[in-house]
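Asks: Sequence:
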Amino acid sequence: MVTYRRSNHLEIVEYSDSDFAGCLDSRRSTSCYILMLAGGAVSWKSVKQTLIASSTIEAEFITCYEPSNHGIWLRNFITELRIVIGIEKPLRINCDNKAADLYSKNNRSSPKSKYIEIKFLVIKERVQSLQVSIEHISTNSMIADPLTKCLPPKVYHEHVTHMGIVHINDVLV
Numbered sequence: 015m016v017t018y019r020r021s022n023h024l025e026i027v028e029y030s031d032s033d034f035a036g037c038l039d040s041r042r043s044t045s046c047y048i049l050m051l052a053g054g055a056v057s058w059k060s061v062k063q064t065l066i067a068s069s070t071i072e073a074e075f076i077t078c079y080e081p082s083n084h085g086i087w088l089r090n091f092i093t094e095l096r097i098v099i100g101i102e103k104p105l106r107i108n109c110d111n112k113a114a115d116l117y118s119k120n121n122r123s124s125p126k127s128k129y130i131e132i133k134f135l136v137i138k139e140r141v142q143s144l145q146v147s148i149e150h151i152s153t154n155s156m157i158a159d160p161l162t163k164c165l166p167p168k169v170y171h172e173h174v175t176h177m178g179i180v181h182i183n184d185v186l187v
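With the first letter of the sequence shown counted as 1, position 172 gets the number 186 in the working numbering; the numbers rise by one all the way through.
Treat the hints with care, since some could be wrong.
Think about it this way: if two alpha-carbon atoms lie no more than 27 angstroms apart in a straight line, the pair counts; the simulated DSSO-like pairs of lysine-lysine are [as the list claims (entries may be wrong)]:
1. LYS168 with LYS62
2. LYS112 with LYS168
3. LYS59 with LYS103
4. LYS119 with LYS168
5. LYS62 with LYS133
6. LYS103 with LYS163
7. LYS103 with LYS119
8. LYS103 with LYS133
9. LYS163 with LYS62
These aren't lab readings, by the way, just hints derived from the structure by calculation.
Using the sequences and the hints given, assemble the complete structure.
Replies: So this is what it looks like as structure tokens:
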């Protein structure tokens, strides 16, 4: 069961992660993201990327594309419902890849980013226009990890709890 906390202000927080070349057969990466609102997950997705990334920065940066689209849509939807006056802060996408974080804020390109498809470069524009903010977090804080890889049971339960997901038996006790 997903739980939410009462809040006077709504902030959409996103976690975006990938496992670079995780599929042993196709060498494609798995992208995943979680959108959090009021302390609970409201949307999540885990999918194999349609292209083969040539570097970790490419795999992680590509992964930020879809949650930025989804987050902007959700922010506009909440604003149109007039639940709150508006969500003024940039959407925060947490990413555990420092290079992707730095690349999103940098106006220059690098040799490793040369082959990123043009449609994914919209992320850089969204960061520069303050619609989206990509923030680096430690790998240990990446709560989207259960969507891309197997984790030790203790770490798995910690991440799932941070998503606002609780076991039904814990609620009924």
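Asks: Give me the numbers of the hints this structure contradicts, sorted from smallest to largest.
Replies: Numbers 4, 6, in rising order.
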